[in-house]
Amino acid sequence: MDPIVKVQGLRKTYQSTVAVEEVSFEVQEGEIFGMVGPNGAGKTTTIECLEGLRKPDHGEISVLGVDPQQDSHFLHIHTGMQLQQSNLPERIKVWEALDLYSSFYPHTLDWQELLGQLGLEEKRNAAFAKLSGGQKQRLFIALALLPDPQLIFLDELTTGLDPQARHSIWDLVREVRLKGKTILLTTHYMEEAERLCDRVAIMDHGRIVAIDSPAELVRKSGGEERLIFTLDQTLPLEVENSIRLLGRLEIEGERVIIQSETGQATFVYDVVSLLTNHDIHFRNLRTEQPTLEDVFLKLTGREMKD
Amino acid sequence: MKSLLKMTWIETKLFLREPVGAFFTLIFPLMMLFLFGSIYGNVPTQYFGGRGTVDISVPAYTAMIIATTSLLGLTITMAAYREKGVLRRLRTTPISPLVILVAQVIVLFIMTMIGMLMLVIAGKLVYNLQFDGNAFSVLAAFVLSTLSFFALGFVLAGLMPTARTAQVVGLALLYPMLFLSGAGFPRELLPESILKISTFLPLTYVVTLLRGLWIGDAWNQHLTEVIVLSGLLVLGVIVSMKTFRWE
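From first to last, the protein sequence lines stand for chains A and B. Residue 314, in our numbering, is where the first sequence stops; the numbers in between run on with no holes. Residue 270, in our numbering, is where the second sequence stops; the numbers in between run on with no holes.
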């Protein structure tokens, strides 16, 4: 099957600064594809080139089989877009915005139903300016869904939202995907990319530094898992030595941290078996998995900052 | 077409929900009319060439409404729509972006018209307003004046970086113009030196044209006004098309 989005060698500069360089990727039908990276990494520039809002300096872009610069009208009918910096008039009511935008498209979903699906039924008559950040984003998602598009662009969808609103937006995005839509999103929250995306492209300084499923990225370059527990007694020397064969051992007072070095799948089981065999009573045992945050740190040599 | 109608309807509602704009277009001119009408009445005087204060105020206040809706209403709305990203969002839909501009012009034109009609009706009912002109001529002059000032408003909206600066600059242009052009006060009250300055103000030509046609002047007595306002319209459209930005 042809990819829904295909980008080859994209480059975009603003005056002397290079915003995006050598960006290439494909998005397959039905997946949630995320571009993740710190602010200024080139995510929004890339997505806006795909939306036809910006003209690339170099590179080939195909979205739903068309060049966004050549056929933006086709894209505007067949894709839904949520933009990072956009707004509605302050005093427009929620239902009016949906009703108005419905008149722009040849074919739309029933906005009354969308209102309910997005949990905006109660806010039907509220003015746009009176909505909370989460409610505004819901409305923008509703507007993006209105033309019943194959492909939906979501740019920094949950930036500035509180954790609860963020989680409910994630649920919403997953529901949208279940309807067979393809979603291309950008985010600077690693957790969001990890929870939501089937595949992510990690961007830094205008380039894609890695591209794969979150699990695979973590497996390949996230480092190893860690096992942490507390002890009331000191570890017998013999047990300590056996543990050192399984991983790197750190003891901080009564807290014991063991980091796997080999990435063996049975790491946790091996350590726990060893402890129980020697009748050592551990408490507060937990494991820490590496995250995309660790992947970013490892690939770029620096922390992700908001 | 369906989207233009819907957009026009929504923009009408938005206009009426914005208390400041609606006040200056629809209510404030009426308040002025009743204020000066109650002070001076509408007794014909030699001073106004045999007309009363209300007779000469109705066309002048109409010019005031035209200037206010153009330089404040239109300019601030368009600058705010661009600054806040309202235009940006519209750009990602299949409709022609011109739809919102046309809707804006239709709404403000109708509101300006209603403002004028309310002045006429109030003048007629309360002060026995005198009208000696040809209604179609006055209407044509009204259309020309309104459109050329709207063009000016679009130029300003294109040049101003934010809604806030649009508001400040719009007011800075509007106030002197209202005082000096004869829109806010009868021009007969102004000294000779000020009247010279007023020839540089576009609103002066609107006031002269509307007042003249109102009392039955012929068009050929007002060729200067027609040429100036038509020039403003053509120039305004060209410049605003050059300076217009979606974001």
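Don't read these hints as lab results, they were simulated from the structure. These numbers were taken from a predicted model, which means no experiment stands behind them. The reader is advised that the hints may include incorrect statements.
BS3-like cross-link-like pairs, simulated, lysine-lysine; straight-line CA separation at most 30 Å [as the list claims (entries may be wrong)]:
1. A:K144 with B:K265
2. B:K107 with B:K29
3. B:K29 with A:K138
Between beta-carbon pairs, the in silico distance windows are [unchecked claim]:
4. A:G188 with B:A163: 50 to 60 Å
5. A:T25 with B:A163: 51 to 61 Å
6. B:V249 with A:Q16: 55 to 65 Å
7. B:M264 with A:G48: 26 to 36 Å
8. A:K14 with B:V249: 54 to 64 Å
9. A:S176 with B:A163: 55 to 65 Å
10. A:S221 with B:M264: 42 to 52 Å
11. A:S176 with B:K36: 23 to 33 Å
Where is the CB? At the ideal position from N, CA and C, for every residue including glycine.
Against the structure, the hints:
{"no.": "1", "hint": "A:K144 with B:K265", "in the structure": "33 Å, violated"}
{"no.": "2", "hint": "B:K107 with B:K29", "in the structure": "21 Å, holds"}
{"no.": "3", "hint": "B:K29 with A:K138", "in the structure": "23 Å, holds"}
{"no.": "4", "hint": "A:G188 with B:A163: 50 to 60 Å", "in the structure": "57 Å, holds"}
{"no.": "5", "hint": "A:T25 with B:A163: 51 to 61 Å", "in the structure": "54 Å, holds"}
{"no.": "6", "hint": "B:V249 with A:Q16: 55 to 65 Å", "in the structure": "58 Å, holds"}
{"no.": "7", "hint": "B:M264 with A:G48: 26 to 36 Å", "in the structure": "34 Å, holds"}
{"no.": "8", "hint": "A:K14 with B:V249: 54 to 64 Å", "in the structure": "58 Å, holds"}
{"no.": "9", "hint": "A:S176 with B:A163: 55 to 65 Å", "in the structure": "57 Å, holds"}
{"no.": "10", "hint": "A:S221 with B:M264: 42 to 52 Å", "in the structure": "49 Å, holds"}
{"no.": "11", "hint": "A:S176 with B:K36: 23 to 33 Å", "in the structure": "30 Å, holds"}
Taken one by one, the earlier hints fail for this structure only at number 1.
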